[in-house]
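Protein chains in written order, with the working numbering: chain U, 1 to 304; chain Z, 1 to 104.
No wet-lab data here; the hints were simulated from the structure.
Just so it is clear, the structure is predicted and the values come from calculations on it, not from any experiment.
Yeah, the Cβ is synthetic: ideal placement off N, Cα and C, and Gly gets one too.
Partial chain U-side listing against chain Z, Cβ under 7 Å, derived: (1) C180; (2) Y181; (3) P262; (4) N272; (5) P287.
Heads up, simulated DMTMM-like pairs for lysine to aspartate or glutamate below, C-alpha to C-alpha not over 25 Å straight-line: (6) K41(U) with E126(U); (7) K207(U) with E103(Z); (8) K91(U) with E119(U); (9) K41(U) with D129(U); (10) K26(U) with D7(U); (11) K207(U) with E96(Z); (12) K207(U) with D6(Z); (13) K207(U) with E4(Z); (14) K207(U) with E94(Z); (15) K91(U) with D114(U).
What follows is a set of in silico ranges between Cβ atoms, one per label pair, in the way DEER data are often shown: (16) A266(U) with L29(Z): 24 to 34 Å; (17) T27(Z) with E281(U): 39 to 49 Å; (18) G39(Z) with P166(U): 22 to 32 Å.
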Amino acid sequence: MLKVEVDIFSGRPNPVWIITDGDEAKELLGAVAESREAVAKPGAGFAGLGYREIRLSLIGDDEPRQRNLAREFAVGSTAAGDVKASIALAKRVLDGMLRHRDVRLLQHELTPLDRSIYEFTLEQLERLDRSPKPQPPPSPPSSPLRTTVHDAKCDKCEYEVSQYNPGFWNVASVQPHNNCYNYARNWRTDTFAQPGRAHGAGTSTMKCPNVTTAAMADGLKKRCDCLPVSEWPRRMMALVIAPNYDYHWYREQRGGFWGHKPGQTAARNVDNNNVLVVNPETAARGPYTDFCGYFYAGRSVVIN
Amino acid sequence: MVVEIDIFSGRPNPRWRLSEAETARLTRLLRSLDPATGGPPPGPPGLGYRGVRLRDSNGLTWSAYRGFVQSPDGLLADPDRRVERFVLEHLPAEYEALRSSLEI
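Bound-form chain U, shown alone (with noise of 0.2 Å):
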């Protein structure tokens, strides 16, 4: 016997059946065998809302099976070889979804097998049918200075962190035209840029909210307001206030540990104390005593 689901809904159960007739299974299933392009790996495709795949497995552990052919496999699938040949065998085998509805599941409570879902999938893999090979997500590039992570605090956000190169500011010509801003968002502008400034924002109220909102008329976001991968790279940034006086930002960098440029001093990796910042919520600050938050600064963060 051979169960068939429509990968379609995201609230209702998918739509599914089962082929009991056993030489209606063995057709398929050598119909599937002749056209091994127009198989994929189940969940290999589009995995966003509306019609995915349609999804075969053989539901006994002694079912008769094709040579090469996986005990579950899809169809109608954008990850196939062929996705035309491979639209073409779903519909085939959207064809028997009526003719399967005697045979009774719990699913069909909520998703009978009726003519509005059958006209609704095969609506949906005609549209697929009609469109272009949609592409995979887009991947960050790659980099050998740069590796794409995970945030821990919120996972669905990425962004980049890279190889810690305080040689680049440390010299004559650039360390004392720039500052912790200049090295948190990684630009060089060599105008000791100030947060909020290229936008007409600047603040010289020394306090959290303020510092906050002029760097995010730069175009930086909250932490966990992801950004997407056309923003990369993607910094992590931490503001820090010495109350009424001053800011000042660090940079995540490549090894778990932050960078920073105090003023027009060199850029470095330690605190205060002179120990590795692995956590600027924690590390010797001097008079920065406020933590004011992480930011994620995308490629369109514009500084001055």
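Given chain U, work out where chain Z should sit, using these hints.
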């Protein structure tokens, strides 16, 4: 002479110009210092007060921090921190709020 207090990270450091009379007094003070002996001077921390910098009209610079002055001619001893105190005594009103955080 231009004075700069090296203290900020994000904002530009406080900086101002001394009057001619003030410059003359500070110059005499610098000339009165003896060469330092012993080990290297303490390095400033990354965040917070990191000393004062002086630049004269010829572009010569001095840096004073915790009893030592790095001059164009070498390291000088200033155990009473007279150079830093001189700067503190001439702090412009607009930077008055910084006085308590200067650790001098």
